[in-house]
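S.K.: Listed in order, the protein sequences are those of chains A, B, C, D and E.
First residue of the first sequence? That's 80 in this note's numbering, and the numbers climb one at a time after it.
First residue of the second sequence? That's 221 in this note's numbering, and the numbers climb one at a time after it.
First residue of the third sequence? That's 387 in this note's numbering, and the numbers climb one at a time after it.
First residue of the fourth sequence? That's 33 in this note's numbering, and the numbers climb one at a time after it.
First residue of the fifth sequence? That's 456 in this note's numbering, and the numbers climb one at a time after it.
Calculated from the structure, these hints are not laboratory results.
Mixed in with the good hints, there may be bad ones.
What the hints assert, rightly or not - Reference excerpt, derived from the structure (chain E facing chain C, CB under 8 Å, subset only):
#  : residue
1  : Thr500
2  : Met613
3  : Ile614
4  : Glu636
5  : Gly640
6  : Met641
7  : Glu645
8  : His670
9  : Met672
10 : Gly711
As the list claims (entries may be wrong) - Pulled from the structure, derived: some chain E residues nowhere near chain C, Cβ distances all over 12 Å:
#  : residue
11 : Asn465
12 : Thr501
13 : Thr525
14 : Asn526
15 : Asp652
16 : Asp655
17 : Arg657
18 : Arg659
As the list claims (entries may be wrong) - Just the calculated beta-carbon pair ranges, DEER-fashion:
#  : chain 1 : residue 1 : chain 2 : residue 2 : range
19 : E       : Glu584    : C       : His406    : 50 to 60 Å
20 : E       : Arg464    : A       : Val247    : 35 to 45 Å
21 : C       : Arg583    : E       : Glu584    : 44 to 54 Å
22 : A       : Ala128    : E       : Leu548    : 51 to 61 Å
23 : E       : Arg485    : C       : Arg464    : 56 to 66 Å
24 : C       : Ser613    : E       : Lys565    : 53 to 63 Å
25 : C       : Leu447    : E       : Ala535    : 52 to 62 Å
26 : E       : Asn599    : C       : Arg583    : 26 to 36 Å
27 : C       : Ala398    : A       : Ala145    : 16 to 26 Å
28 : B       : Arg521    : A       : Trp225    : 57 to 67 Å
Positions of the beta carbon are idealized from the N, C-alpha and C atoms, including for glycine.
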Amino acid sequence: MTDIAIDTPSRPKGWLPGVLTILFVAVYSWALLIAEEDWEVMGLIALAAAVVVLGLFTGLGNKVKASWSAHEKPLNLGALIGVLAVIFTLSDQHFPLLMLTTTLLYFLASLGLNIQFGYTGMVNFAGAAFFGAGAYTAAVFGNVEWFPPLLTLVAGGLVAMALGLLLVYPIVRTTGHYAAVVTIAFGVLFKTFLEVNEILGGPQGLMVNSMRLPGWDFNNSPTLFGMEASFYFNYAVFAAILVAVIFTFVRRMERSWLGLHMDAVRLDETAAACFGISIHRTKILAFLSGNLILGIAGALYGMMISFIAPTSFTFSDSLLMVSIVLLGGMGSPWGGAIAAAIVVLLPEKLQILQEYRFLLFAVLVMLVLLFRPDGLLPRQIRNYFPGARNGQ
Amino acid sequence: MDIGLLAQYLANGIMLGTMYALVAVGFTLFFGVLDVIKFSHGDVLMLGTFAGFTVWLGLEAAGISNPWVQLVLILIASMAFTAAAGAAIAKYLVLPLKKAPPLNTLLITLMLGTAIREAVRLFYPNGSNPKAFPSLLPDASVDLGGFLLRADSVILVVAGLGLITGLNLMLNRTRLGLAIRAVAQDEETARTMGINYMVVVLATFGIGSGVAAFAGIMNGLYYNEINFGMGLLLGLIGFSAAIVGGLGNLYGAILGGFIFAGLQVVGSALLPFASAYKDVFAFAVVIAIMAWKPTGLIPERTSDRV
Amino acid sequence: MARIEIRGLRSAYDKADVLHDISLTVEEGRITCLLGSNGAGKSTLIRGILGLTQPHSGQILLDGEDITRLPTHKIISRGIAAIPEGRKMFPKLTVTENLRLGAYQVGDERTIRARMDSVFEAFPRLAERRDQLAGTMSGGEQAMVSIGRGLMGAPKILLIDEPSLGLSPLYVKENFRIIEGIRDQGITVFLVEQNVRQTLAIADYGYVLSGGKLVGEGTAEALQNDSAVHAAYFG
Amino acid sequence: KDTVHIGFIGPLTGGVSSIGLGGRNSADLAVKLRNADPNAKYTYEIEALDDECKPNVGVQVATKLAANRKVVGAIAHYCSAVAMGTVDVYHKFGLPMTVWGAVLPDITYGNEYGEITRVNGTMINQNETAAKFMLEQGYKTWAVIHDTTDYGKGHNTYFTKYLEEGGGKILGAFGVTSDQQDFTAELTQIKQLNPDVVYFAGLTPLGVRVRQQMDKLGIKAVFQGVSGIKSDAYFEGLGGELAEGSVTFLEGAPAEKLPGGAFFLSEYEKAGYDSAPEAYGPFAFAATSLLMDAIEEVGPDRKKIVAYMATVKDHESITGPITFDDHGQNTVALITPYVAQSGQWVVWEDSEYASGARKLPGKQ
Amino acid sequence: MTNSLLEFRNLTKRFGGVTALDDFSMHLNRGEILGLIGPNGSGKTTSFNLLTGIYPASGGSIFFDGEDITNKSPRKVYEAGVVRTFQRSRLCLPLSIYDNIMIGDTSRLKTGICANLLGRKAFRKQYEETFEKARSLVATFSGNLADRMMEPVGALPMIERRRIEICRALISEPRLLLLDEPSAGMTHDETDQLMTDILDVRARGEGLSIIIVEHEMGVIERITDRCVVLSYGRKIAEGSYAEVAADAEVQNAYLGVD
Ligand SMILES: Nc1ncnc2c1ncn2[C@@H]1O[C@H](COP(=O)(O)OP(=O)(O)OP(=O)(O)O)[C@@H](O)[C@H]1O
Ligand SMILES: Nc1ncnc2c1ncn2[C@@H]1O[C@H](COP(=O)(O)OP(=O)(O)OP(=O)(O)O)[C@@H](O)[C@H]1O
Ligand SMILES: [Mg+2]
Ligand SMILES: [Mg+2]
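Make the full structure from the sequences, and use the hints.
M.R.: Next up, the structure:
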């Protein structure tokens, strides 16, 4: 035993701020999801802004951060429970559940992109293409009788990964802006190919069969406590669990030697190579695992939305996904969660503004960036085992 | 394929290439000075073109109808307007984010692009519909055996290439050019040399955006049609062209622009009954070029060393 | 006569205070040196004079005029030039272009040429490599570019931050000779150096900085004989 | 009076927003007029949503409407791919929805959903008439430019089918992306093929560019468009001279010729919307009025409205009588040919072209 | 087995028109500390770059422990046991001290996907081991940093960064350490202390060989067994420091005659 813990306060940091945050966020998202009237929506947006400002200036934000890093595991679990609780309270509300699930799946996609450019520094402007690849795979395999739907999800990921394989050679060779062009080109190519080609439904798109688990079709509405729930309830719960699982893995990846290698490759390839890190292996691993996640998210999204067409996976959709990562803060998974909510829910909640909504959305995002240039929740320094004594 | 057709393709390609190159130049300049991707470039171009169009409407209303006078006034007005817009973007959106990850600049300019596009669509009178841009250049043409060589195309190409060459000279031969390149590499040391950092950055963004307006007007004069979405694709292609050509110097932008134009023309000429695939083809070739030359066709001289 | 006068300067990065209440003067036509261990705040002081770091409080006077909040390029135009710490090159510019930037505020081409020639005379290495990208030069070669660039401005006051870092012993000697030569031309020099022995050999007056506070000052001889300075730096 | 909620969906942002906005304004106008009518049993409130012309967004907003029990019916979609994606949603939730603009046949014919009806014709009707009409004019050869969206591709498919059945010849077909700027490469080839007619399947912005560049290359063929170019914007983008002699086809009777239609146009003018109704505004108006008629008749009840829709026959509307077949498709497939004359779209029969005072290119 | 650990045979490197290394041959004995000195731009850093596989050689060959490693990838060279520091510090500034040091230890870290994602117990074990190891190494060089292992390197002053960089190189217990001007920017005392620390670490393990590039002659005199002097890419002298310092050519080209 050594005397490390000199400046670590012996009193453990409280879990209360974390729990309160979860409660607040849960109630808030519930309210936001069901808000319909203009004044409700505007009020809630104003409330969020006020809370953020308050959190920044009173140091409340730091308290939450500290609390979270001291009790990460239970609080993460708490967050999952929070999400599930919101899902249950909304169980018969189709539309809020649809939006919630969409948010979750975009969040999932942002996790994939985070591995790619948050950790490894490989920009990917074809996120929507890989997401779409997953969805199209789900459409194709979903129609094959004997193909187990759960595997379809995996297949979606694998196909996206395989498509990524096509790009591996140029991607590994290029860096920075040059790599950006490779993915941009691929994204445009992917969408145009789907559009001009009739095999996969052409511009009209394809139906996607619903998700099925053994003995359970997700298109059926489950009955909860005697009440009929929305069929989106299935997807919401499933997505929440999927996100939790993949989140855990992404976190583990970040907090492992693999994540360290990714950071090293991003920050200084030459030095990394001089210390035995394989640049190629690291980049390929990051690119493919990112695409795997994008593909899985896309597959489930396709099954839920049940109809896909090339116009849903355009360059601007890719940019939307990139926005989530940047807005949240590069390499910061929780930031991605918040940003996904903003990017998915805000335009929707702004429907009341009709044709003005994108203008307003764009202006809001610009304002956020001007005040938080590093994103909403900038990435924290790596801590392999948060809360562990060594870590402090 | 007969000569006339071939010549026609060539002429088309050159025209298109010049236009792409003019857009690409802007991207190269912005990378050059601040190492940022300014995704709103295409939309700024569109804004400049609409500004020019508005001026034209005003001139018509004021009864000034000499096409050359109109042309000069339109160009001056739209380039000045866009240059000011570019400088404002640099000052209020790009510079404040200098310390943030460079991709965040991309996001903010991306959003700005959306905002500009939507604003024109919503607030320009009848902005969601295409507008008929006047043809102010002489519409004389020579028929060279099935191939129509048009005076306006020639003027546009010459003007465009001349502008790029002039810019390149400016960048490589003048004090301002030297300052631009210095600022790009090390802001603080550049200031220590007595360079007025802010002025140089704003000037670069102004120039790059002004060139975009030029490209936009050229686009309008050539196609006689402008619309609020015109910048989107032009921006995307300009960006790709800049990169494919290489960020080494402005000639990379020309090369990239012409390659892109060539790919599209060849794509639709060689794949006549599958011309829908021409973009697939063009972008596939772009990927291949990047795999072959990972830093573009005219790469920067590298200065990395260990 | 005092060319630069600093009064009660305080500086900080983010939250950490770096300079506490510094007052010093740099006299006309002399080499004034600033000694201090790593992280003492020497470079911060230089940056403060150049207007690169805004001080919290205090004043910087140049020939009696307050320049504390002037933008850097205005300060440079008053006849100050700097050789910054850590051989800050423009890596993608050639040696010649780097040198030219040293004379950025000089318009006349002939003057620039003449100065460049004298730099090449002092550092023949640079003449051999005039078109090489500065970024690909060896560490010491880059230091030469940096010094040469500082001379290009033909300033009235030259601020030098650790110029001999990474230079070979031969060039270190050469370097000090050059600095002496600069002084002999009547240029005022403010020199920050790690190499205490050689610095004090050419300097006229010196200050000692420690932990952001001035802890000593005096003529070079006095400092050389000062036991505290001696103990700290001569080892 | 009780308030009844109805929904409107269309593309309110993005490239085809002018049509979406025209549709929304027209639907809005119908509601306003009805609310001003003292005989109406209910007060109507319209909730307009934006589908961005993207299927996934379409499904989202359709779900939003359909899941909202207050909403009893909807008028939706201009983009066919979006409608294809959302029909299942309406069916699942039992929300009656009337299409106001999308023309893909499968939207009504691809399913057995009673909830789905459509007031405008399909591209089948339109292209059948178009092919026949143009062949009657004596043209023999065509070159086709279509955008690669479902809209352009679909039109191309049906037009080619009917044209070839009628003996016309397609010399070449070129797919282009919907945001393409430059068509000189395609048009250069078309010039080489030297067709009588250039058939263009796509929307106004693209059509303007194609027409414009045809002129630049000196192609003298007739420019034949689809309903997508029947807009005022076509003239705004081209100027009257270049547009002159373009032909297009639109489902429904010409609004200005029907008494209700003229009323619609003047009321639209009066209401002061800042964008034109565009080609499909009248259909949105008609669909909205039909829905409100149904509600007046059977009450604000989704099931009853669906049942009512199945019985609609010769229902008066500003686009002519509406009769739904067993797929909910309006069978009064009246298709009107238009020709561009002196800066506006003129019904063919009334034009100087029909009378012989002016001539389409290539005619003696 | 010969006594020579490393051998350059007629090594040549050209950059365009510049010949940075010109037919350079030398060897390093096991356990030796060799000073590589010479005027600026004489090719010292370049020889490190060729050795560690960053640049391909234009001619000649490099043997390490009897094996030809000419033009091997940096990774292979590292795996053979050669590590270096850089003339301009190259740490990953946003990462913690611990992270930076761990980057130096990749050969021993388990980098399998399953091991990292699934075997968290084993991972934790390795983490705790390496943490202790890194901590004690850091403690050798800079006592106060040992308690700040999780702070970002970017917040540290230059001199501390240099120390961390040396820790990063030493953590993998290499066989050959290449130091490129480790003392640049340090005062006398600090340089002295740094050298003492390096020798300390060396004494703990067995037979670490070192090549050091330095312009501070005091350092060279104190710690090297032998010196090789380069000028314009050629070897102009070789021998103990006293020998080379007495050489007229070396004085002329490098030391400067007083
Ligand atoms: N950009 C910065 N942000 C935060 N702290 C800084 C920054 N630059 C310097 N510091 C801190 O300020 C203090 C003084 O730094 P300064 O560079 O002025 O020292 P110095 O005396 O020049 O040292 P050296 O001899 O190493 O050049 C140091 O503790 C350093 O860590
Ligand atoms: N990538 C490169 N491109 C062009 N020239 C180079 C490159 N790298 C090194 N050189 C040149 O090769 C020569 C040797 O450089 P090197 O860095 O090895 O010198 P050095 O001995 O380490 O000098 P110093 O003591 O100044 O660091 C120098 O003249 C340098 O300019
Ligand atoms: Mg310093
Ligand atoms: Mg060196």
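S.K.: Could you tell me which of the numbered hints above are not met by this structure, giving the numbers in increasing order?
M.R.: Violated hints: 12, 19 and 22; rest satisfied.
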